[in-house]
Amino acid sequence: MDFTLKIWRQENAKARGRFETYEVTGISADCSFLEMLDILNQQLIDKIEKPICFDHDCREGICGACSLYINGHPHGPDTEITTCQLHMRKFKDGDTIVVEPWRAKPFPVIKDLVVDRSAFDQIIEAGGFVSVNTGGVPDANAIPVPRADAETAMDAAACIGCGACVAACKNASAM
Amino acid sequence: MTQLNARIPEGPLAEKWTNYKASQKLVNPANKRKLDIIVVGTGLAGASAAASLGELGFNVKAFCYQDSPRRAHSIAAQGGINAAKNYPNDGDSVYRLYYDTIKGGDYRAREANVYRLAEVSGSIIDQCVAQGVPFAREYGGLLDNRSFGGAQVSRTFYARGQTGQQLLLGAYSAMMRQVKLGRVKLFPRTEMLDVVLIDGKARGIVTRNLVTGKIERHFGHAVVIATGGYGRAFFLSTNAMGSNGSAAWQVYKKGAYFANPAYVQIHPTCIPVHGDYQSKLTLMSESLRNDGRIWGPKKKEDAESLRSERIKPKDIAETDRDYYLERRYPAFGNLVPRDVASRAAKERCDAGYGVGSGLAVYLDFEEAIGRLGKHVIEERYGNLFQMYEKIVDENPYETPMMIYPAIHYCMGGIWVDYELMTNIPGLFSIGECNFSDHGANRLGASALMQGLADGYFVLPYTIQNYLAGEILTPRIPVTQPEFEESENSVRERLNKLMQIRGKQSADQLHRKFGLHLWETVGMARNRKDLELALNDFGALREEFWTDLRVTGSVDEFNPELEKASRVADFIEIGELMARDALQREESCGGHFREEYQTDEGEAKRNDDEFMFVGAWEYAGQGKDPILHKEALIYENIKVQSRNYKI
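Chains P and L supply the protein sequences, listed in that same order.
Counting from 187, one number per residue, gives the positions in the first sequence under our numbering.
Counting from 387, one number per residue, gives the positions in the second sequence under our numbering.
Since the hints were derived computationally from the structure, they do not count as laboratory data.
Computed from a predicted structure; not experimentally measured.
Possibly wrong hints are sitting among the right ones.
Result set (DSSO-like, lysine-lysine): computed pairs, CA atoms no more than 27 Å apart in a straight line [unchecked claim]:
hint	chain 1	residue 1	chain 2	residue 2
1	L	K420	L	K402
2	L	K990	L	K1024
3	L	K882	P	K236
4	P	K236	P	K356
5	P	K236	L	K889
6	L	K700	L	K684
7	P	K236	L	K600
8	L	K1015	L	K639
9	L	K587	L	K684
10	L	K1031	P	K233
11	L	K684	P	K233
12	P	K291	L	K571
13	L	K698	P	K233
14	P	K291	L	K600
15	L	K411	P	K192
16	L	K411	L	K587
17	P	K192	P	K233
18	L	K1015	L	K1031
19	L	K411	P	K291
20	L	K898	P	K236
21	L	K600	P	K200
22	L	K471	L	K882
23	L	K914	L	K1024
24	P	K278	L	K600
25	P	K276	L	K640
26	L	K471	L	K402
27	L	K1015	L	K914
28	L	K685	L	K639
29	P	K276	P	K192
30	L	K566	L	K420
31	P	K276	L	K698
32	L	K587	L	K640
33	L	K776	L	K698
Derived list of chain L stretches under chain P, where covered just means 3 residues or more per stretch with a C-beta under 8 Å from a C-beta of chain P [stated by the list, open to error]:
hint	stretch
34	660-668
35	964-978
Even for Gly, the Cβ is constructed at its ideal location relative to N, Cα and C.
Whenever a hint applies, use it, and build me the whole structure from the sequences.
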């Protein structure tokens, strides 16, 4: 598959950003979005140009590091997944794809597509914990928790802290 | 060659930890405030240690390369965490967990450490529940368990397929509570590049701020390395892209011994490699083997037709399917330990029975869906099935998953004694980063257990035994010459990487090296290949240092430089792995030497000559490292051949 990419480039937090246009060709439909960016970055390195910076780590949809606003949607056109799990089969051959960083004031750009999400750590720091110290706690089965409550808790706890909700919200609020 | 002393406490096995705690030195609250501890890495081990040490009143500095400590790769652990709670009343006990772990590790783990691990395992579950970790529960409201490989009891606690995430959020939030209280200072997007020794003791680290490129110095009365494993040396692995062995490697180069580097775990159920553009493999949880059945076609012609997609797996009649794990290991079936399952898959594929690209077998849920109903399978593994479908574009409820082994975990790591201290005073290592508890093979759901045992319940005690002797040591200014020297060497190395100005990117060189490492120091090893590999690795190291291209500069956000620095270390780690694999003339756990196998193709140990921990000492650049041995003594378990057949 061939794609035209319009990607946000920004040297650092203070620099003025701009869209740059790149072409990638011969991309496999089974390639993930980030693997496609890896291929583009290798092309740039081959030309002794600076590769595009983006956050990523586990590449299996759980660490929450990857971000990217793709064609106006956080994590792109597929549902219930992160950018690292988005595959090129979700696009059409010849598509033009616009790639931006998370767009939200609490997430200032560090470089290119990398943003500072430390605001999320501040939320946890402010009270996102249970106030127990290590040790001296009761047996794990001392207090039964209704299964439905545990499941509801797990639904909420499954949040990966990627910041897509903030990027998607017009008020830049977290869910 | 010297014999290493692990300083294991005297007394019967079951009383060692109790006796140790009763007689160890402690630090009083007023003195704790005067002591600084550096914790590098914020995964389960690092975050739980930083939180616990902060609560005790020490000044902690916690470092991670990620933008937030919550993203450490512990978060990706799916299946669960073991604990000898015996809630299901199925015969579990501390002894049995200890026994299973020693046996699973193929009698190459240290008895006293493993027993302590089993002993504190129950407290971990209590702690996590108190933190609010939403473990799976029965309808009655009590905690649910499932079974994992290498055990005949159900002792695994889990939170859907995201157990690592939930445990890490527990440890992370406990640590953030200490951040707010000012007892833990957090340094995200910061990478440790060197450890600083003063008069033979660990006294600090030198780091690079990954946003600004600034090199910084940090003092600590003790330094704790909790930076995980070096599995990404192989390039393709289930580890995160940033996971690296560099902190461990830097301390090795400063004199800490590196133990059993050849012991790496190859996880049997990963999504097979599908393209040369891939940089990472995805794991499918071992928990799937509770209900999924692994098979390949019985007939080679069927395998061929499946590979060329002329037929589909469901076209293969039940009688033409080879459930090879159930056939070879009737007692444990699909739940044999990982090393056994991985080798069996490789054996099938090498013999021509592989499907997909030829390097894959099936993991089939048809029987389980028929037995339990689709909704039960969906409840148990829904997120894993979804992940599989997103990546592979096939629906595993309708067609079996395709799987193949991939590098997943490192049993080997920094050598530590019973106190989790390295041979360098004041330098500790916890979690996957150390070598201590899993021997030659780790059982499923035991990594989370060990990481949290070390961080919550072992290190906060043992580190005090050391720090009690440091209460009169004032904070050492980072202007000391040792810090200066360390910073200079870090700068010199980074500049050297920048100035090569060759043609190949760090990824290209890493891929080339990693795939070669996989071929020679992977699932099956032999003397000839290892000797050749050692030669080749030298050439690849040379190629790296003459043909690397790093764009950008040192003084900026520069992922290419980060990668280059890590790949330089991976190449050296790979060399040590090959050396260790060559030295160990036996097969045990994840280390399989083709020369040493039974007639049935099972690993054949040589207890007379190799029942020891092999700990390597750095001897300087260009010099052969020195092997030290720690004898393994089993007083409480009968050493025998692992048998998962009957």
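Taking the hints in turn, this is what the structure says about them:
| no. | hint | result |
| --- | --- | --- |
| 1 | L:K420 to L:K402 | violated, 30 Å |
| 2 | L:K990 to L:K1024 | holds, 17 Å |
| 3 | L:K882 to P:K236 | holds, 19 Å |
| 4 | P:K236 to P:K356 | violated, 32 Å |
| 5 | P:K236 to L:K889 | holds, 14 Å |
| 6 | L:K700 to L:K684 | holds, 14 Å |
| 7 | P:K236 to L:K600 | holds, 20 Å |
| 8 | L:K1015 to L:K639 | holds, 18 Å |
| 9 | L:K587 to L:K684 | violated, 60 Å |
| 10 | L:K1031 to P:K233 | violated, 57 Å |
| 11 | L:K684 to P:K233 | violated, 51 Å |
| 12 | P:K291 to L:K571 | holds, 25 Å |
| 13 | L:K698 to P:K233 | violated, 45 Å |
| 14 | P:K291 to L:K600 | holds, 25 Å |
| 15 | L:K411 to P:K192 | violated, 62 Å |
| 16 | L:K411 to L:K587 | holds, 19 Å |
| 17 | P:K192 to P:K233 | holds, 18 Å |
| 18 | L:K1015 to L:K1031 | violated, 32 Å |
| 19 | L:K411 to P:K291 | violated, 50 Å |
| 20 | L:K898 to P:K236 | holds, 22 Å |
| 21 | L:K600 to P:K200 | holds, 17 Å |
| 22 | L:K471 to L:K882 | violated, 53 Å |
| 23 | L:K914 to L:K1024 | violated, 34 Å |
| 24 | P:K278 to L:K600 | violated, 43 Å |
| 25 | P:K276 to L:K640 | violated, 49 Å |
| 26 | L:K471 to L:K402 | holds, 20 Å |
| 27 | L:K1015 to L:K914 | holds, 24 Å |
| 28 | L:K685 to L:K639 | violated, 52 Å |
| 29 | P:K276 to P:K192 | holds, 17 Å |
| 30 | L:K566 to L:K420 | holds, 19 Å |
| 31 | P:K276 to L:K698 | holds, 24 Å |
| 32 | L:K587 to L:K640 | holds, 11 Å |
| 33 | L:K776 to L:K698 | holds, 20 Å |
| 34 | 660-668 | holds (count 7) |
| 35 | 964-978 | violated (count 0) |
When the structure is compared with the earlier hints, violations turn up for hints 1, 4, 9, 10, 11, 13, 15, 18, 19, 22, 23, 24, 25, 28 and 35 and for no others.
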